[in-house]
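Protein chains: 2
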Amino acid sequence: MTSPRRAPGGFPVVGIIGGGQLARMCAGPAAELGVTLSVLAEADDASAALVVPSSPVGDHTEAEEVHAFAQHCDVVTFDHEHVPPHVLDLLVAEGVELHPHPAALRFAQDKLAMRERLTGLGVPCPRWVRTDTAADVTAFGDAVGWPVVAKTPRGGYDGKGVRVVADAGELTAWLERAASEGSGLLLEERVSFRRELAVLVARSPSGQAAAWPVVETVQTDGICTEVIAPAPGLDAGLSADAVHAALRVAGELDVTGVLAVELFEVEAVDGRASFVVNELAMRPHNSGHWSMDGAVTGQFEQHLRAVLDLPLGSPRPHDRWTVMANVLGGELPDLYPAYRHVMARDPEAKVHMYGKGVRPGRKIGHVNISGDDLADLRERAAHAAGYIQGVVTE
Amino acid sequence: MTSPRRAPGGFPVVGIIGGGQLARMCAGPAAELGVTLSVLAEADDASAALVVPSSPVGDHTEAEEVHAFAQHCDVVTFDHEHVPPHVLDLLVAEGVELHPHPAALRFAQDKLAMRERLTGLGVPCPRWVRTDTAADVTAFGDAVGWPVVAKTPRGGYDGKGVRVVADAGELTAWLERAASEGSGLLLEERVSFRRELAVLVARSPSGQAAAWPVVETVQTDGICTEVIAPAPGLDAGLSADAVHAALRVAGELDVTGVLAVELFEVEAVDGRASFVVNELAMRPHNSGHWSMDGAVTGQFEQHLRAVLDLPLGSPRPHDRWTVMANVLGGELPDLYPAYRHVMARDPEAKVHMYGKGVRPGRKIGHVNISGDDLADLRERAAHAAGYIQGVVTE
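Quick mapping for you: the protein sequence lines, in order, are chains G and E.
Under the UniProt record's numbering, read the first sequence as residues 1 to 394, first letter to last.
Under the UniProt record's numbering, read the second sequence as residues 1 to 394, first letter to last.
Partial list, derived from the structure: chain E residues whose beta carbon lies under 10 Å from chain G: (1) V35; (2) T36; (3) L308.
Simulated coverage check for chain G against chain E, where a stretch passes if three residues somewhere in it have a Cβ under 8 Å from a Cβ of chain E: (4) 9-23; (5) 50-60; (6) 333-342; (7) 355-368.
Bear in mind the hints are in silico, worked out from the structure with no lab data behind them.
If you're wondering where the values come from, they're calculated on a predicted model, not measured in any experiment.
Glycine residues also receive a C-beta, built at the ideal position from the N, C-alpha and C atoms.
Just need the whole structure built from these sequences, with the hints factored in.
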């Protein structure tokens, strides 16, 4: 595997395992910062491989391939959570500087471990239990109320690995697989939430941390489709509590890089606005895409700064509101004419495309728009994203 | 020459002749827009070649090499003005879509042609003359007052190719060379200016145009060291006149892409605040680096949109003021510790490094800082740039 070409002046090389859009969106900030990227890509036409000169193709589940890749990097970080523990363990044993460290990453890879740890820290969670049998499922559902939410501890994303079930019989196949893998299933109460929120923070190995404002996220069919930054009308106490919880989780788990904490805003408890934690991600996250255009320091730049233990940048928003709308793949394979139309309609729309082929429902881009009039921004962002997708036609 | 890997969805390839920092700074916006870049680089470690996967090495003065490069691109644009006319002519004859077109680019390549054309358009210029002999020089200097400014019509940049002379004898060598090349020299009166300004506009082949606010530029030893956006205390009439002149020049000369018009602000004439045009550049320009962080659409994104005939983006500034300070090479070859220090001192500083080796006086990066307090921003930007350069040590 050839080494990436280093810039002169002592600037480091950051390796990213995985060549998806999150790695791709690090490319601009890396070029600006002057640091070199290298990406271990799934294929030579992976989203990031199209824009990063050093993008060897390799399998992130093969320890030797990942280790060979890491030899040429000063630090190594991740585009996704799917690198298996045995690969991470080998890298650590060989002295590779991984951010986040596997001891932290574990809590983003394994939802049972996450629930156990957060509960131990006193961070509000939905009621949950580890289950191995249909009898456990029935007992939990009878206790917290049906339906309940079942999650595979590992491997889920964008709604995959999550099911809402009305009785234990719906989980027969999952329970059999969990039993054969010895993994158990995570059961959670189905939270009656007002809305979904997310807090993004970044933390460096030195312990410096920075938080962006709490955002509101809107999911459609389990996929994030819209983010409003900051979350409109958010109770100031809830905002402070949420940021505090995210910074505390980052510190207690020794997270390095960007940490996304997805929350449900729930009914006030004793008059105090409240939340429970839904999920954790230890990498740049869809809920932070707004920051690329809406903040002094975007999440991809901040992630690079954090994993390099560089001082963190200001997360100050540029505008009162920024709205992000995801562009999902639709029926149109030829996106360029629609993209052109969107730019003509709205000179303030920041259209980001990921260089990915269209498949229905696949995240292929997003649009950010900033300004003062939230209702107007939401309409414009949704229109732009929907037009490129092909579901809005005028 | 291998072709760049195209993104799916119908997105085009933009070729850039020259691999300097201007081409490099297109890389982030291109990745965000989803368009593919290809760079004809001077060397495989050129500034842009470090961050653009398709960066064949070639000689921009060799018509066949440039033509082979252009075959793989939908449009071709420039990092510099140094592609010779015979090369441009071949490309046009072969049907390559060049932006700007050579018929426009000529006025940025040849300062005598520029003075003649602008004067024809009635755009204010310093008094000037084409000179071929020492007698011409003496006559001009005696008429407008000594010293005068002598410029080689072609090939100058960053103060090179420009001399301030007190008598014709100082130009003997230049006149001999100009005579042998048949090029003549440009002589201009030395303008007594209040300050230097610049207007950046972008124009697309369809004729759409957009202008950023007029900025103040500060030169040190002929090299731009600081830019203040917008120019503080600028007379509103002068601002409107300057933007109008730049848009008119762009239209009349059929410029496509970014056009930078450098101005001298001079004493008011009949009570009307006034300027004369100093130079033109038809590409992203140092006076527009502030827009990367300070405006909704930065100049590199806008240049790509313009040359692709995509609708232009909003040039709206994010903040009241943005100050840009250039980082010049100093005596420190190892920049990274100083860069780190600068980030720690100022979380709002946007530090851009070009991946270039240090040579004293070479432009190797820049720093942008935005906010409300101009004096404070200027101090901080100058400190950051000076610290990395090594001329500020505390």
